[in-house]
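Peer 1: If you want the building blocks of each chain, they are given just below.
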Amino acid sequence: GAVVSQHPSWVICKSGTSVKIECRSLDFQATTMFWYRQFPKQSLMLMATSNEGSKATYEQGVEKDKFLINHASLTLSTLTVTSAHPEDSSFYICSARDHGRETQYFGPGTRLLVL
Amino acid sequence: GEDVEQSLFLSVREGDSSVINCTYTDSSSTYLYWYKQEPGAGLQLLTYIFSNMDMKQDQRLTVLLNKKDKHLSLRIADTQTGDSAIYFCAESISGTASKLTFGTGTRLQVTL
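Just so you know, the protein sequences line up as chains A and B, in that order.
Taking my numbering, the leading residue of the first sequence gets 2, the next gets one more, and so forth.
Taking my numbering, the leading residue of the second sequence gets 7, the next gets one more, and so forth.
These aren't lab readings, by the way, just hints derived from the structure by calculation.
Honestly, I wouldn't trust all of these hints.
To be verified - Stretch-level coverage of chain A by chain B, calculated; a stretch enters the list once three of its residues show a Cβ under 8 Å from a Cβ in chain B:
no. : stretch
1   : 22 to 32
2   : 39 to 51
Stated by the list, open to error - Using 27 Å as the maximum straight-line C-alpha spacing, the simulated DSS-like pairs for lysine-lysine come out as follows:
no. : chain 1 : residue 1 : chain 2 : residue 2
3   : A       : 42        : A       : 56
4   : A       : 65        : A       : 21
5   : A       : 15        : A       : 67
6   : A       : 67        : A       : 56
7   : B       : 42        : B       : 74
8   : A       : 15        : A       : 65
9   : B       : 105       : A       : 67
10  : B       : 74        : A       : 42
11  : B       : 62        : A       : 21
12  : B       : 105       : B       : 73
13  : B       : 42        : B       : 105
14  : B       : 42        : B       : 76
15  : A       : 56        : B       : 76
16  : A       : 65        : B       : 105
17  : B       : 42        : B       : 73
18  : A       : 15        : A       : 42
19  : A       : 67        : B       : 74
20  : B       : 62        : B       : 42
21  : A       : 21        : B       : 74
22  : B       : 105       : B       : 74
23  : B       : 62        : B       : 105
No residue lacks a Cβ here, since even glycine has one placed at the ideal position from N, Cα and C.
Generate coordinates for the entire structure from the input sequences, incorporating the hints supplied.
Peer 2: So this is what it looks like as structure tokens:
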């Protein structure tokens with residue numbers, strides 16, 4: 002089946018620093034990628050939809066200047082958490098939509114801890 | 007807006023059947039999905055069903071959809087300890103957009 006990878010799998014950073022998370026589709030081209038955030042024991046909440054070659058579409062309440070998304074190629078999208086704070090600590094999961102198929106393939110997630 | 011609800015916890019004995027339920031509010035849902043999440047991991051797609059279907063079976067998994075009541079269920083036959091995980095139902099209202107709204111998740115515990 003389709004494989005989506007994320008890097009890093011976990012990261013610890015100091016408050017005020019920026020963290021970049023990569024999401025790659027390994028064996029298919031993804032014109033659309035999605036970024037989700039999951040707090041402990043909660044469901045996934047969609048943060049933004051990333052389309053290759055265009056600006057990301059952010060969900061209501063998600064600060065686009067804080068969560069920078071770049072989808073520069075058909076296999077890579079990045080999420081940068083700028084000036085991270087402890088409340089940004091969460092599990093960030095990306096998914097990629099195989100072009101023409103009605104499903105998403107999820108990455109293994111990146112656990113971010115901001116001290 | 008969309009709202010997807012699930013019971014939080016289900017405990018079953020190994021070998022029994024598990025039934026995980028989900029209700030949704032958006033009648034324009036086109037696709038409904040079941041995902042499995044093991045501890046500290048991403049989501050694994052188990053199965054999905056189109057809104058014009060009533061049932062879909064895939065090996066030990068059976069999905070039932072009652073569109074009138076907006077109720078979706080996942081039955082796992084012969085539940086194994088490896089099935090212990092959190093199960094999320096999800097819906098999308100547009101096949102092309104594929105924006106997913108997830109349920110609250112049901113933690114399945116399989117006991118010996």
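Peer 1: Is residue 62 of chain B close enough to residue 105 of chain B, meaning Cα to Cα at most 27 Å?
Peer 2: With a Cα-Cα distance of about 22 Å, the restraint between residue 62 of chain B and residue 105 of chain B holds, given a limit of 27 Å.
Peer 1: Would the hint linking residue 56 of chain A and residue 76 of chain B be met if the CA-CA limit is 27 Å?
Peer 2: 34 Å, violated
Peer 1: Is residue 42 of chain B close enough to residue 74 of chain B, meaning Cα to Cα at most 27 Å?
Peer 2: 26 Å, holds
Peer 1: Tell me if the straight-line CA distance from residue 67 of chain A to residue 74 of chain B falls inside 27 Å.
Peer 2: 41 Å, violated
Peer 1: Holds or violated: are the alpha carbons of residue 105 of chain B and residue 74 of chain B at most 27 Å from each other?
Peer 2: With a Cα-Cα distance of about 23 Å, the restraint between residue 105 of chain B and residue 74 of chain B holds, given a limit of 27 Å.
Peer 1: Would the hint linking residue 105 of chain B and residue 73 of chain B be met if the CA-CA limit is 27 Å?
Peer 2: Roughly 20 Å separates the two Cα atoms, so the pair holds.
Peer 1: Run the distance test for residue 15 of chain A versus residue 65 of chain A: straight-line Cα separation, threshold 27 Å.
Peer 2: 21 Å, holds
Peer 1: Does residue 21 of chain A lie within 27 Å of residue 62 of chain B when you go C-alpha to C-alpha?
Peer 2: Distance of about 40 Å is beyond 27 Å: violated.
Peer 1: Hint check: residue 42 of chain B vs residue 105 of chain B, CA-CA at most 27 Å. Holds or violated?
Peer 2: Between residue 42 of chain B and residue 105 of chain B the Cα gap is close to 18 Å, so the pair holds against 27 Å.
Peer 1: For the pair supplied as a hint, residue 67 of chain A and residue 56 of chain A, confirm whether the alpha-carbon distance does not exceed 27 Å.
Peer 2: 15 Å, holds
Peer 1: Given the hinted pair residue 21 of chain A and residue 74 of chain B, is their alpha-carbon gap at most 27 Å?
Peer 2: Not OK: residue 21 of chain A and residue 74 of chain B at ~44 Å, beyond 27 Å, violated.
Peer 1: Are residue 74 of chain B and residue 42 of chain A close enough, with their CA atoms no more than 27 Å apart?
Peer 2: 30 Å, violated
Hint compliance for this structure: hints 1, 3, 10, 11, 15, 19 and 21 are not met, and every other hint is.
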